[in-house]
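Numbering (numbering that gives the first Met the number 0), first residue to last: 0 to 222.
A hint or two may mislead.
Said to hold, decoys possible - Derived lysine-lysine pairs resembling BS3-like cross-links, with alpha carbons at most 30 Å apart: (1) Lys65 - Lys20; (2) Lys125 - Lys154; (3) Lys188 - Lys154; (4) Lys112 - Lys20; (5) Lys154 - Lys65; (6) Lys154 - Lys74; (7) Lys188 - Lys1; (8) Lys125 - Lys115; (9) Lys35 - Lys20; (10) Lys115 - Lys65; (11) Lys1 - Lys50; (12) Lys154 - Lys50; (13) Lys1 - Lys112; (14) Lys74 - Lys35; (15) Lys115 - Lys1.
As the list claims (entries may be wrong) - If you anchor each label on the Cβ, the simulated ranges turn out as follows: (16) Lys115 - His76: 35 to 45 Å; (17) Pro160 - Asn97: 36 to 46 Å; (18) Leu207 - Val109: 33 to 43 Å; (19) Val220 - Val109: 18 to 28 Å; (20) Ser206 - Asp182: 31 to 41 Å; (21) Val100 - Leu207: 33 to 43 Å; (22) Ala107 - Ser45: 41 to 51 Å; (23) Leu196 - Thr58: 16 to 26 Å; (24) Asn97 - Thr58: 13 to 23 Å; (25) Ile161 - Asp208: 17 to 27 Å; (26) Val220 - Asn19: 22 to 32 Å; (27) Thr211 - Val109: 25 to 35 Å; (28) Thr211 - Asp124: 11 to 21 Å; (29) Gln78 - Lys115: 35 to 45 Å.
In short, the hints are calculated from the structure, not lab data.
Built from N, CA and C at the ideal position, the CB exists for glycine as well.
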Amino acid sequence: MKTLHLYVVRHGKTYFNRYNKLQGWGNSPLMAEGIKDAQMVAQALSNVDLKAAYSSDTTRAMDTAKIIIDGNKNKQHLQLITASNFREEFYGSFEGVNMDVAWTSAGASVGLKTYKEIVDVYGVDKTKDLLKEADPWHDAENSEEYWRRVNQGFKRILNNPILDDGDSVLLISHGNTLISLADRYGEGKIQVHERPLNGSIARMELSLDGLTILTYNNQPVQN
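Start from the sequences and build out the full structure, keeping to the hints where you can.
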């Protein structure tokens, strides 16, 4: 059975990150700080023998990926593969809304006011469901819609014919997606109340059995 080594990186810091706004399928550009985040990851992963590179099709993820690829020893052979499967959770009409306001709306029907409170009581997946219910248009993704999309993305990686057992793969991801993966595959050992840092690295193993998280939210050290 093929097992792949994933380096799952949260994109560099954006303006919406700075403003504490929900940023799912919407997008804001990398700040100078976000470009530096990506450059530090590029330095940390420069000698990793990457065989493929994936990201969502949002510019913040693609721009982060291109910086990291450009710093890798295999850059001449790496072509970025983008897919909507790897997008962040879709927040519907809450896209671009202040996070505190959005989660207060999501928790209103159950008497809770913060993301932490909702996750503590209901878990990460139910939190998605509550946000969809609170969205007046009900366009936000619920947990079933979210996982159907994301799981198809991981299947695409596994089914890539150029990848062999033991190969290393770069995946540029998003804050809530990393939280969701940690919640589902972290065996209860990972804190899921706050997003991992921009430019942080998680190491995972991907096989037909699912994902195994080896490390999470590791920040590269500047030399």
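Hint check:
no. : hint                        : verdict
1   : Lys65 - Lys20               : 24 Å, holds
2   : Lys125 - Lys154             : 24 Å, holds
3   : Lys188 - Lys154             : 25 Å, holds
4   : Lys112 - Lys20              : 16 Å, holds
5   : Lys154 - Lys65              : 23 Å, holds
6   : Lys154 - Lys74              : 24 Å, holds
7   : Lys188 - Lys1               : 26 Å, holds
8   : Lys125 - Lys115             : 13 Å, holds
9   : Lys35 - Lys20               : 21 Å, holds
10  : Lys115 - Lys65              : 33 Å, violated
11  : Lys1 - Lys50                : 14 Å, holds
12  : Lys154 - Lys50              : 17 Å, holds
13  : Lys1 - Lys112               : 44 Å, violated
14  : Lys74 - Lys35               : 19 Å, holds
15  : Lys115 - Lys1               : 37 Å, violated
16  : Lys115 - His76: 35 to 45 Å  : 43 Å, holds
17  : Pro160 - Asn97: 36 to 46 Å  : 44 Å, holds
18  : Leu207 - Val109: 33 to 43 Å : 37 Å, holds
19  : Val220 - Val109: 18 to 28 Å : 41 Å, violated
20  : Ser206 - Asp182: 31 to 41 Å : 19 Å, violated
21  : Val100 - Leu207: 33 to 43 Å : 41 Å, holds
22  : Ala107 - Ser45: 41 to 51 Å  : 47 Å, holds
23  : Leu196 - Thr58: 16 to 26 Å  : 20 Å, holds
24  : Asn97 - Thr58: 13 to 23 Å   : 22 Å, holds
25  : Ile161 - Asp208: 17 to 27 Å : 22 Å, holds
26  : Val220 - Asn19: 22 to 32 Å  : 26 Å, holds
27  : Thr211 - Val109: 25 to 35 Å : 33 Å, holds
28  : Thr211 - Asp124: 11 to 21 Å : 20 Å, holds
29  : Gln78 - Lys115: 35 to 45 Å  : 40 Å, holds
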